[in-house]
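Let the sequences and hints guide you as you build the complete structure.
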Amino acid sequence: AQKVTQAQTEISVVEKEDVTLDCVYETRDTTYYLFWYKQPPSGELVFLIRRNSFDEQNEISGRYSWNFQKSTSSFNFTITASQVVDSAVYFCALTRGTGRRALTFGSGTRLQVQP
Amino acid sequence: SQTIHQWPATLVQPVGSPLSLECTVEGTSNPNLYWYRQAAGRGLQLLFYSVGIGQISSEVPQNLSASRPQDRQFILSSKKLLLSDSGFYLCAWSLPVGTAQRAFFGQGTRLTVV
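As they're listed, the protein sequences go chains R and W.
Quick note: the first sequence uses this note's numbering, first residue 14, plus one each step.
Quick note: the second sequence uses this note's numbering, first residue 376, plus one each step.
One or more hints might be untrue.
Said to hold, decoys possible - These stretches of chain W come out as covered by chain R in the derived footprint (C-beta under 8 angstroms, 3 or more residues):
id, segment
1, 418-431
2, 457-469
3, 478-489
To be verified - Here are a few chain R residues that sit away from chain W, every Cβ distance over 10 angstroms (derived from the structure):
id, residue
4, A14
5, A20
6, D31
7, E72
8, Y77
9, S78
10, S84
11, D99
12, V126
13, P128
Read the hints as simulated data drawn from the structure, not as lab findings.
Computed from a predicted structure; not experimentally measured.
Built from N, CA and C at the ideal position, the CB exists for glycine as well.
Printed below as a string of structure tokens:
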């Protein structure tokens, strides 16, 4: 069975602070994919990143960066110099590399960026 | 380009009434289709997924059912709504099995059962 844990229910920071959202996953598959989605107040899920289990390179996209560590089964997400527009619920998710491809989501982390 | 349409955006229904939420995808063929539910303040739970017309897998026993009458149409239904069916329902699609792709989500339906 697969499981995704986002232990941080809610985080509040002041604008321009850096913030890291934690994600820990469990899977028995050797091939799998990890995702981060952003859910703004409108409710729609916005795709941020996909990472496969064979690629442990960290990735940076503008103010966003992701740290994937198989040794600790973690896929953490850092926002540098946070902005009010970053306020949203962020979900980490996992899917198998073969067979059933439905996403298993974590419970989400609500990020509030105060001006 | 591919698009996904989900309607209605909001719905208020009395307990015991039927439900029908519709989702259609454009610009792709034979997609995998999914229905997720997000209860207030919680994560997303997979309800149903489909890999083809008439092929529906249910993830959790519940008061809901799903159907896929056409390749790019996915319908979520209930004969009699319960208060516990309230939540935010999201339809999603992804490319077929064999390609590891992201899921694309609709804009969601906020259902309130009163």
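Earlier hints that do not hold, by number: Failing hints: none at all.
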